[in-house]
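Colleague: Work out the full structure: start from the sequences and follow the hints.
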Amino acid sequence: MAQFHNVVIVGGGGAGLRAAVAVAEANPLLSVAIVSKVYPMRSHTVSAEGGAAAVIAEDDSLDEHAYDTVSGGDWLVEQDAVEAFVQEAPRELLRLEHQGCPWSRKPDGHIAVRAFGGMKKKRTWFAADKTGFHLLHTLFQSALSYPDIVRYDEWFVTKLLVDDGRVHGVVAIELATGRIETIIANAVIVCSGGCGRVFPFTTNANIKTGDGMALAYQAGAPLKDMEFVQYHPTGLPFTGILITEATRAEGGWLLNKDGYRYLQDYDLGKPTPEPVLRSMELGPRDRLSQAFMHEHAKGRTIETPYGPIVHLDLRHLGASVIDSKLPFVRELCSKYQNIDPVKELIPVRPVVHYMMGGIHTDIDGATPLEGLYAAGEVACVSINGANRLGSNSLPELLVFGARAGKAAAEYVQSLQTGPRSVVYKQGDDEERRLRHELGRHDDGTERIADIRTEMQSTMEEGAGIYRDGNSLEKAAVKLHELRERFERAAIDDHSSTFNTEIVAMLELSCMLDVAQSIVACALQRTESRGAHQRTDHPMRDDEKFLAHSLVHRQPDGSGRVGYLPVTITRWPPGERVYGR
Amino acid sequence: MSTITMEVTRYRPGEDSEPTVQSYEVPLRKEWAVLDGLNHIKDHLDGTLSYRWSCRMGICGSCGMTVNGRPVLSCASFLVDYAPGPVRVEPLRNFPVIRDLVVDISDFMEKLPRVKPWLIADPPEEGEFLQTPEEMDEYKKYSMCINCMLCYSACPVYALEPEFLGPAAIALGQRYNLDSRDHGAEDRRDVLASAEGAWACTFVGECSTACPKGVDPAGAIQRYKLTAAVAAMKDFLMPRGARR
Amino acid sequence: MTAYRQHIPLFWWLRQWSYLVFVLRELSSVFVAWFVVYLLMLVSAIGDGTYADFQAWSGHGWVLVLNVVALAFLLLHAVTWFALAPRAMVVPHVPPWVVLVAHYLAWIVLSAGVAWVVLLR
Ligand SMILES: Cc1cc2nc3c(=O)[nH]c(=O)nc-3n(C[C@H](O)[C@H](O)[C@H](O)COP(=O)(O)OP(=O)(O)OC[C@H]3O[C@@H](n4cnc5c(N)ncnc54)[C@H](O)[C@@H]3O)c2cc1C
Ligand code: SF4
Ligand code: FES
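Chains as they are written, first to last, in our numbering: chain A, 1 to 580; chain B, 1001 to 1244; chain C, 2001 to 2121.
No wet-lab data here; the hints were simulated from the structure.
Heads up, some of the hints might be wrong.
Claimed, not checked - Below 27 Å or equal to it, Euclidean Cα-Cα: the simulated DSSO-like pairs (lysine-lysine) are: (1) A:106 / A:122; (2) B:1140 / A:122; (3) A:406 / A:425; (4) B:1030 / A:257.
Unchecked claim - Every beta carbon over 10 Å from chain B, so not counted as near; a handful from chain A, in silico: (5) 4; (6) 25; (7) 59; (8) 134; (9) 251; (10) 257; (11) 279; (12) 320; (13) 416; (14) 426; (15) 447; (16) 478; (17) 535; (18) 539; (19) 541; (20) 566.
Note that the Cβ used here is the ideal one computed from N, Cα and C, for glycine as well.
Modeller: Below, the structure written as structure tokens:
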């Protein structure tokens, strides 16, 4: 027996919750459901720290936010989408305020804003340094006031049902019972978040395995700009836990092993005691992470058992600033690193943080596959281009979550026909496949964890901060081999009750797809732009590559890459200037 | 390299009629949280062990377990602190066990909406509600709850009376009651001031001790009792119709 | 789904000091009730003019022991109750310990008043 909803949303993070409410508001008669592999408030949005950008300050303007975003993204940005984004972001953040989000305030009771990397004005709203946590819980709790939104908590989506060029729903497993269900829907919005776990060292939670990208990719929708993976310059060395950019916005310094503010050597401006916007430590993330690699090459980083590090110095900020603006940073440092940033230097190194690429969508979250929408980190509109600016992602979830929800609601109202019987048959086939996965593999020879670890190190070596044709070719070959070995992977667990091993296996399969698409796109793009730096092609090449990569999955898992021109409205490509 | 023994509670419905204990030897490393030990087991020793985790930074609230008798976040408790071992890892108490270390929290998920944990107010026509930092301090700590369920696991009242709304749910109701923007206290009163609400609490205080985020649910409940008592007194002296 | 219901061991309240205090506090309600009964008996004895009999009865060993135990439980109840006061009454700009001290002061003043009525009048 299949379930039915007008709109099914895959994912209960910031984007998914916002989309669900948008559907419910657009048309209260529609049945909308959120299917999420974790309880919505556990989604990874919860760990965002620094803040959310939207213009509210007197001295700021939408144009400046747009320009910072376009130049930050190295012009690989849809400018019409950015214009819509900067315009709608303040409304979305205010909406959250009206729902109770505890945004940090100025003494007079108005919203306070802080500086952030790559932004020319102070425009980042924050809730101390737990912005994502407050944002997600506010969204989740206010969504509870819409009792008609159906939730499938701890259900894992394994497949999108496609017939006749149209999406008709999903197949999902209820983790607690192992029940497999076909969920028919007129439209599906994928909001399943990013894929940082494809790499070994990441700020991303365990659940960020690119499932939604892989589901769409397998269903025939193209992925876009997958070669653009953001490294955040400041993660804790063993865990990869993020130390937010807000530390530098409040005035933190990056020091090499000689205690020298090395960013001044990389065309990022001159060091000043007070932070200067779009300069030095407040430069964009791609440039800061690349500067680290150069320092390392010069032997000016510090070796530790967990790789080379530099230091983040907050000591001069004092306990009171740290406790009021960065309390979580202090908590994380003391718990996970055993240091107190008020008195000690924080060891940090670049860490995989965010996926600029994702499912190709238009400005309303629609993909080329009819009935399929996407929003949030899993999608690529693209407002982030070749490098996302910190604090643009949270407002992006809201703006494009809302847009996708509205567009999907309109789309389902215009529909005349329901699914044909082949769709149900696809659901049955998927159920059979999953039962088979659960049972077979008994005599498999490979361990899931080993394949995963090898995939991760392959990606780091082949497609890290700096890459070249050679390293990427090798990675492609290795990934192909891993894909074959994956077919022989064993699972120990054959229980249908909360089987986390089968989940790990399904996730690994998704990650292999995502990894292959990243490498395929990176190989084809023979230029350097933003977060994609090819040592064999160090220059930006607007002639050939001012275009989005679009990759389609081939039956053998490899990707076919094509290009799509970039929409330019008001800001012609120029040089990215920081600190000058 | 030194190692430590982890004694982990296993329960596989269908196979086991009740929980058993299984021991594993894992490396003892300075940086390793209890969760890293479990991940080592899952990846290298026994793929059948089930538990929840996600953020591994103490913010998603997935990984609550009973470690050496205390409810903790396994991603924020470190193996060295239990050396030389053994470390006993059990599921959170007071919840039904679905499997191994995974407990069923649907009871809380069903109770949470009852306290109406959302802002009840008419937003201003333009701009934001004004709220000074001092006004925010009134409710700030109660807004820090990550729904990790450690407090329910520590609460003997919840163990004996499963109807009890429980620490986190009441604290979240209070979080909105104390928010200067909110006007919903009256709407929440029937639930919060019921026999299964704040009045069921006898102030054991263990919830606040267990809470990893400094929420102090016990304090929230005590405060609410006083508020509710005053409100009830007012109703008695000035019946609703007579007021305003 | 066949979830396993964890049972509560018989001596769960010995697991932790705070649980023991919790159980003792719950138990103290019995003694509070006893005190009320005792007080009513006293009042009625004075009313009936049988106060001397009441006094003699109160001097029995077991009544004395019972009353000492009851006093201990009442003190436990009062002290733990007061300890909560600062958490329940959050007065702006007043530190929690002041609320606590104020409660004890009020207690002492009231007790002194009662003592004065009973002993000196
Ligand atoms: C440590 C950290 C700090 C950050 N700080 C900031 C910041 O300060 N400012 C900023 O703007 N951005 C920040 N970001 C980025 C931002 O937080 C994320 O991009 C954003 O939260 C992603 O939200 P989402 O809704 O797209 O996905 P998520 O919140 O990741 O939610 C994904 C949802 O999809 C569900 N899901 C996934 N796969 C499946 C499946 N197969 N079946 C069913 N459900 C599934 C999950 O259960 C989950 O509910 C930060 C990111 C990290 C990692
Ligand atoms: S109140 Fe504390 S212990 Fe209870 S669920 Fe919230 S964060 Fe966890
Ligand atoms: S894994 Fe998220 S709180 Fe421990």
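Colleague: Look at each hint and say if it fits the structure.
Modeller: Going down the list of hints, with the structure as the test:
1. A:106 / A:122: 13 Å, holds
2. B:1140 / A:122: 24 Å, holds
3. A:406 / A:425: Since the Cα atoms of residue 406 of chain A and residue 425 of chain A sit roughly 30 Å apart, the hinted pair is violated (cutoff 27 Å).
4. B:1030 / A:257: Holds, because 24 Å separates the two Cα atoms, which is no more than 27 Å.
5. 4: About 23 Å separates residue 4 of chain A from the closest Cβ of chain B, which puts it past 10 Å; holds.
6. 25: 15 Å, holds
7. 59: 17 Å, holds
8. 134: Given that some Cβ of chain B is not farther than 10 Å from that of residue 134 of chain A, nearest at about 7 Å, it is violated.
9. 251: Label holds. Min Cβ-Cβ 20 Å, cutoff 10 Å.
10. 257: Nearest chain B Cβ is 22 Å from residue 257 of chain A, so the label holds.
11. 279: For residue 279 of chain A, whose nearest Cβ neighbour in chain B is about 29 Å away, the distance exceeds 10 Å, so it holds.
12. 320: Its Cβ never comes within 10 Å of chain B, the nearest being 13 Å, so this holds.
13. 416: Per Cβ check, residue 416 of chain A is outside 10 Å of chain B; nearest 36 Å; holds.
14. 426: 29 Å, holds
15. 447: 8 Å, violated
16. 478: 20 Å, holds
17. 535: Its Cβ never comes within 10 Å of chain B, the nearest being 33 Å, so this holds.
18. 539: 38 Å, holds
19. 541: 39 Å, holds
20. 566: Since the minimum Cβ distance to chain B is about 35 Å, residue 566 of chain A lies beyond 10 Å and the statement holds.
Hint check: violations occur at hints 3, 8 and 15; the rest are consistent with the structure.
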